[in-house]
Amino acid sequence: MRAVKVLLKGLMWGIGIIVAGIIAINIFAQVSTLQQKVSVDEVGQEFDNAPVVVVLGAGVTPNKEPSLVLKKRLDKASEIYQQYPEATFIMSGDHQGPYYNEVSVMKAYLSEQAGIPSRQIYLDHLGINTYSSMYRLQQVFGVSHVAVVTQSSHLSRALMMANGLGLEAVGVSASEDNSIQLSQFVREVGATVKAFAEVYTPLKPTVVYESNRIDMNQGGDQTDEFY
1 MRAVKVLLKG
11 LMWGIGIIVA
21 GIIAINIFAQ
31 VSTLQQKVSV
41 DEVGQEFDNA
51 PVVVVLGAGV
61 TPNKEPSLVL
71 KKRLDKASEI
81 YQQYPEATFI
91 MSGDHQGPYY
101 NEVSVMKAYL
111 SEQAGIPSRQ
121 IYLDHLGINT
131 YSSMYRLQQV
141 FGVSHVAVVT
151 QSSHLSRALM
161 MANGLGLEAV
171 GVSASEDNSI
181 QLSQFVREVG
191 ATVKAFAEVY
201 TPLKPTVVYE
211 SNRIDMNQGG
221 DQTDEFY
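Be aware that the sequence shown starts at 1, since it is given in UniProt numbering, and climbs by one per residue.
Because the hints were derived from the structure by calculation, they are not lab data. As the structure is a prediction and not an experimental result, all values here were calculated from the model. Among the hints, erroneous ones may be present.
Within a straight-line C-alpha distance of at most 25 Å, the following computed DSS-like cross-link-like pairs (lysine-lysine) qualify [said to hold, decoys possible]: (1) Lys37 / Lys194; (2) Lys37 / Lys72; (3) Lys76 / Lys64; (4) Lys71 / Lys37; (5) Lys194 / Lys204; (6) Lys76 / Lys37.
With the sequences and hints as input, model every part of the structure.
Set out below in structure tokens:
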């Protein structure tokens with residue numbers, strides 16, 4: 001009986017330590033990136049030249065329209081363009097094949113709805129998750145300084161990963177989806193722990209998608225096809 005009590009006590013301590021670690025990591029993500037969150041008006045102050053803006057993918061509908069969450073991100077990118085018409089935009093999302101192509105939908109939306117010239121919009125077809133998007137900004141697009149556009153619930157994690165990978169980044173929050181559920185909140189808490197492990201411990205993702213280096217001086221249309 002005593003052995004059972006000792007075992008239960010140890011188990012409770014272990015659970016407590018794990019929970020404390022999860023909470024600490026999520027607090028770290030929020031606090032460490034707080035000063036990096038800026039408004040559209042402040043974006044230009046963060047760059048010596050025209051801003052480079054990455055919009056993170058968030059799903060498209062079967063009829064090739066941005067999801068509500070993604071539309072809010074793209075609308076925020078449009079606001080940035082109106083303020084900084086010389087900005088460069090990178091659409092980073094999932095292009096699983098001929099029938100699912102987030103980034104082309106994103107580019108079409110910004111070109112048609114916001115009037116952003118096609119040459120100013122680059123596509124990262126292999127931004128399948130936040131880590132890949134941040135990693136490939138450096139390794140494929142040669143970007144070292146970027147403004148990240150996503151919802152505030154995701155922004156701290158994205159900025160924490162950018163910091164861990166050595167990017168100089170600021171973040172601009174898009175409007176939240178009012179239908180966010182508890183399950184999504186729990187998922188983000190877990191995803192933040194995973195992100196911390198990926199950038200601050202040896203537990204790197206086993207697969208990082210590589211491709212040829214993109215010349216950012218050649219215009220975004222060079223990336224329209226899956227390179």
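| Contradicted hints - numbers only | Violated hints: none; all satisfied.
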